[in-house]
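When you get a sec, could you build the whole thing from the sequences and use the hints?
These are the residues of each chain, in order.
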Amino acid sequence: MIKGRFDDENLKWIPVLIIVVFLFPFLLKSATFSYKYYLYILNIAGIYIILTVGLDILSGFTGLMSLGHAAFLAIGAYTSAILVDQVGLPFELSLIITPIIVGLFGFVIGFPALRIEGMYLGLTTMGFGFIVKRLIIAFREWTGGSGGLHVSKATFFGITINNDWDNYFMIYTFAILAIIIARRIVKSKLGRAFMAIRDSEQAAQASGINLAKYKMMSFFISGMFAGFAGVLFAHTSHFISTDHFDILLSILFIVMVLVGGVGSIYGAVLGTLFIVLMENMFIPLFEDGMSQFVHLEAGDFQVFIFGLIMLIFIIFQPLGLYGMWLKTRIYWKIFPFNPRKRFT
Amino acid sequence: MSDLLSGLIQESISGIALGCIYALIALGFTLIYKATEVVNFAQGEIMMVGAYVNFFFVTQFAGMVGGLNGWVFLAALFCSTIFAVLFGIVLDLIISRPLKDEPVFSIIMATISLAIILRSLTAMIAGPISLVPVSPFGDSTIKVGGIVISVLDLAIIISAIILMGIFFFFFNKTRWGIAMKATSEDSEAAQLMGIPVKNVYRMVWVFAAIVGIISGVLLAPRMALLDTTMSYLGLKAFPAAILGGFGSIPGAVVGGIILGIIETVSMGTLSFHFEWIKEINDIIVWIVLIAVLMIRPDGLFGIAKVKRV
Numbered sequence: 006m007i008k009g010r011f012d013d014e015n016l017k018w019i020p021v022l023i024i025v026v027f028l029f030p031f032l033l034k035s036a037t038f039s040y041k042y043y044l045y046i047l048n049i050a051g052i053y054i055i056l057t058v059g060l061d062i063l064s065g066f067t068g069l070m071s072l073g074h075a076a077f078l079a080i081g082a083y084t085s086a087i088l089v090d091q092v093g094l095p096f097e098l099s100l101i102i103t104p105i106i107v108g109l110f111g112f113v114i115g116f117p118a119l120r121i122e123g124m125y126l127g128l129t130t131m132g133f134g135f136i137v138k139r140l141i142i143a144f145r146e147w148t149g150g151s152g153g154l155h156v157s158k159a160t161f162f163g164i165t166i167n168n169d170w171d172n173y174f175m176i177y178t179f180a181i182l183a184i185i186i187a188r189r190i191v192k193s194k195l196g197r198a199f200m201a202i203r204d205s206e207q208a209a210q211a212s213g214i215n216l217a218k219y220k221m222m223s224f225f226i227s228g229m230f231a232g233f234a235g236v237l238f239a240h241t242s243h244f245i246s247t248d249h250f251d252i253l254l255s256i257l258f259i260v261m262v263l264v265g266g267v268g269s270i271y272g273a274v275l276g277t278l279f280i281v282l283m284e285n286m287f288i289p290l291f292e293d294g295m296s297q298f299v300h301l302e303a304g305d306f307q308v309f310i311f312g313l314i315m316l317i318f319i320i321f322q323p324l325g326l327y328g329m330w331l332k333t334r335i336y337w338k339i340f341p342f343n344p345r346k347r348f349t
Numbered sequence: 353m354s355d356l357l358s359g360l361i362q363e364s365i366s367g368i369a370l371g372c373i374y375a376l377i378a379l380g381f382t383l384i385y386k387a388t389e390v391v392n393f394a395q396g397e398i399m400m401v402g403a404y405v406n407f408f409f410v411t412q413f414a415g416m417v418g419g420l421n422g423w424v425f426l427a428a429l430f431c432s433t434i435f436a437v438l439f440g441i442v443l444d445l446i447i448s449r450p451l452k453d454e455p456v457f458s459i460i461m462a463t464i465s466l467a468i469i470l471r472s473l474t475a476m477i478a479g480p481i482s483l484v485p486v487s488p489f490g491d492s493t494i495k496v497g498g499i500v501i502s503v504l505d506l507a508i509i510i511s512a513i514i515l516m517g518i519f520f521f522f523f524n525k526t527r528w529g530i531a532m533k534a535t536s537e538d539s540e541a542a543q544l545m546g547i548p549v550k551n552v553y554r555m556v557w558v559f560a561a562i563v564g565i566i567s568g569v570l571l572a573p574r575m576a577l578l579d580t581t582m583s584y585l586g587l588k589a590f591p592a593a594i595l596g597g598f599g600s601i602p603g604a605v606v607g608g609i610i611l612g613i614i615e616t617v618s619m620g621t622l623s624f625h626f627e628w629i630k631e632i633n634d635i636i637v638w639i640v641l642i643a644v645l646m647i648r649p650d651g652l653f654g655i656a657k658v659k660r661v
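Chains as they are written, first to last, in my numbering: chain A, 6 to 349; chain B, 353 to 661.
To be clear, the hints were calculated from the coordinates, so they are not data collected in a lab. Don't take each hint at face value.
Claimed, not checked - Computed footprint of chain A on chain B; a stretch qualifies when at least three of its residues, placed anywhere within it, have a C-beta under 8 Å from a C-beta of chain A:
| hint | stretch |
| --- | --- |
| 1 | 467-479 |
| 2 | 645-653 |
What the hints assert, rightly or not - Computed Cβ-Cβ distance ranges for the label pairs, DEER-style:
| hint | chain 1 | residue 1 | chain 2 | residue 2 | range |
| --- | --- | --- | --- | --- | --- |
| 3 | B | T581 | A | S157 | 30 to 36 Å |
| 4 | B | K533 | A | I339 | 47 to 53 Å |
| 5 | B | Y584 | A | R120 | 25 to 31 Å |
| 6 | A | L119 | B | F521 | 56 to 62 Å |
| 7 | A | A143 | B | L652 | 28 to 34 Å |
| 8 | B | R449 | A | S157 | 52 to 58 Å |
| 9 | B | G498 | A | I142 | 23 to 29 Å |
| 10 | B | S482 | A | R145 | 45 to 51 Å |
Note that the coordinates shown come from a computational prediction; the quantities given were computed from them, not determined experimentally. Cβ atoms here follow ideal geometry from the backbone N, Cα and C, with glycine treated the same way.
Structure, rendered in structure tokens:
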């Protein structure tokens, strides 16, 4: 998307950021008494970050739309729950096997993507979401049907991950790993092929990129990220049911990527943090204020705000938060000599 | 066996009525797609808004007159149509104008966000209680040779046919209809020929809103309760449009009716005879969608597009 003149990468601050991420819970603990609640919210954000980074590789970099990523998350969560609790595999093994299984599901959905594009693909993945949700209910011997399923706690090489405090460190270790891996993928030959497909399929094909292979690959990778998020989701929330993996969640993932900025990994991270924090911390405040005047059902106002945010971002700021950041950065770098009408 | 057969016929008629509603919704976004190449994911929500607005007018007028009668429903329909015109103009201003040359991805996301805005706004305004819709025909039925047909279904089918007739006439015979056709063919050339393309776009959105709102008015009495989940039916009209070939108006109608029949029949008689259908009857349209897209992506009536480089 934006490739400014100053897009040279500065990697020095990344170790600092990682240290800050791991020191943050200690800071939070000393600051407030209700730190456990904030950690819980941050954990959700961390799991979603893993997923949206994968979704960004698919939608932002390859230009393939998916309205069914909640289904991938669901498959990951249920597969891991079944593998660990009913088959008896160790958690560490499930962490490797489940993403591959979900990636294969992505492969299957990627197959129609070879022939169709744009909104047809959006509809196919949306239909896939509905079908998965119904099939999970149908296989009720394993999945517990619509009643939901209890999942055991994660044990990582003998250490049991008990509460939100432990979850935080596990989730954010994997989230940072996911971000680094996604950055490497995007900067590699694979990522360049994805971007070529996004920008022009014909040109990509003409320069020797195997469209079928790379599209399937993109779905596979995206599915793997989603499956990974699903495993963590199942074993940190301890209870999963099909109600959670709604079509609205799929749309929310797209909103996260879109608000953050399509086609940048950091954008996906920013957007996810923004939306999850909005959802859990700021909107409830508004809702309390609003409920004095109108009677509100839980969730309606929230969904309304998300719709509004998405519409405003699409119309006024299609590059998202990350694009805004890049623009301001370039603006300040050349500050006194800004040409007019440069940033339109 | 005759029991099975009469059941099948009965459900097919009910399915045709449902299919007509799918066809009307599909007609709504086919119109928009043909003229502006915007895929409107909010058509189901427009339908839901229509059902609510009509319900509001019916209760208001019934309160004024002091009872329900035919005129109340007619007046409510009239007011809903006027509302639809205004609604279409507003949608054109919000969605169509600012996003004219954006990529498909952003337009789809914009209409999806419009859809969730409309759904949550309706839920906020209407309150948490589900409303019980009123039907102008009550529960009356006609019996033809052992087959029971509800009057409501017949009325839906007839009004859908009338509406489609009007559209057919409008598109092929009137000045504005031909202008719309020209715009959908090539908007730049149409503009050069002196067609006011912006007005045509507004007109298209107004028409889509009218179709959507009338389909909501027709659908509401079929529902047991009026609530916002009704808008998911709008999503099911997409498989209908794709089955018929996206962007083709007869395709939308035929696809809608086929899917309506498939859905109703699988939900009714067949599910008593085959146990496993019960598990899949609410996702059957999506299975059909994926099957169609894998086997014949252009649908029954669609024309294969040639990619231009």
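Q. Holds or violated: 52 to 58 Å for the Cβ distance of R449/B and S157/A?
A. With a Cβ separation near 54 Å, R449/B and S157/A satisfy 52 to 58 Å, so the hint holds.
Q: Given the range 56 to 62 Å, decide if the beta-carbon distance of L119/A to F521/B lies inside it.
A: For L119/A and F521/B the Cβ distance comes to about 41 Å; the hint is violated.
(Q) Assuming the hint says 30 to 36 Å, is it satisfied by the Cβ distance from T581/B to S157/A or not? (A) For S157/A against T581/B, whose Cβ atoms are near 34 Å apart, the range 30 to 36 Å holds.
Q: Would you check chain A against the stretch 467-479 of chain B, counting CB to CB pairs closer than 8 Å, and say if three or more residues qualify?
A: holds (count 9)
Q) Between S482/B and R145/A, does the C-beta distance stay in 45 to 51 Å? A) violated, 28 Å
Q. Does the Cβ-Cβ separation between K533/B and I339/A fall within 47 to 53 Å?
A. Because 50 Å falls inside the window, the suggested range holds.
Q: Could you see if the CB distance from Y584/B to R120/A stays within 25 to 31 Å?
A: holds, 26 Å
Q | 8 Å C-beta test of the stretch 645-653 of chain B against chain A, three or more residues | A | holds (count 3)
Q) CB of A143/A to CB of L652/B, is that within 28 to 34 Å? A) Because 30 Å falls inside the window, the suggested range holds.
Q. Holds or violated: 23 to 29 Å for the Cβ distance of G498/B and I142/A?
A. Check failed, 36 Å falls outside 23 to 29 Å.
In the structure shown, a violation is registered for the earlier hints numbered 6, 9 and 10, in ascending order.
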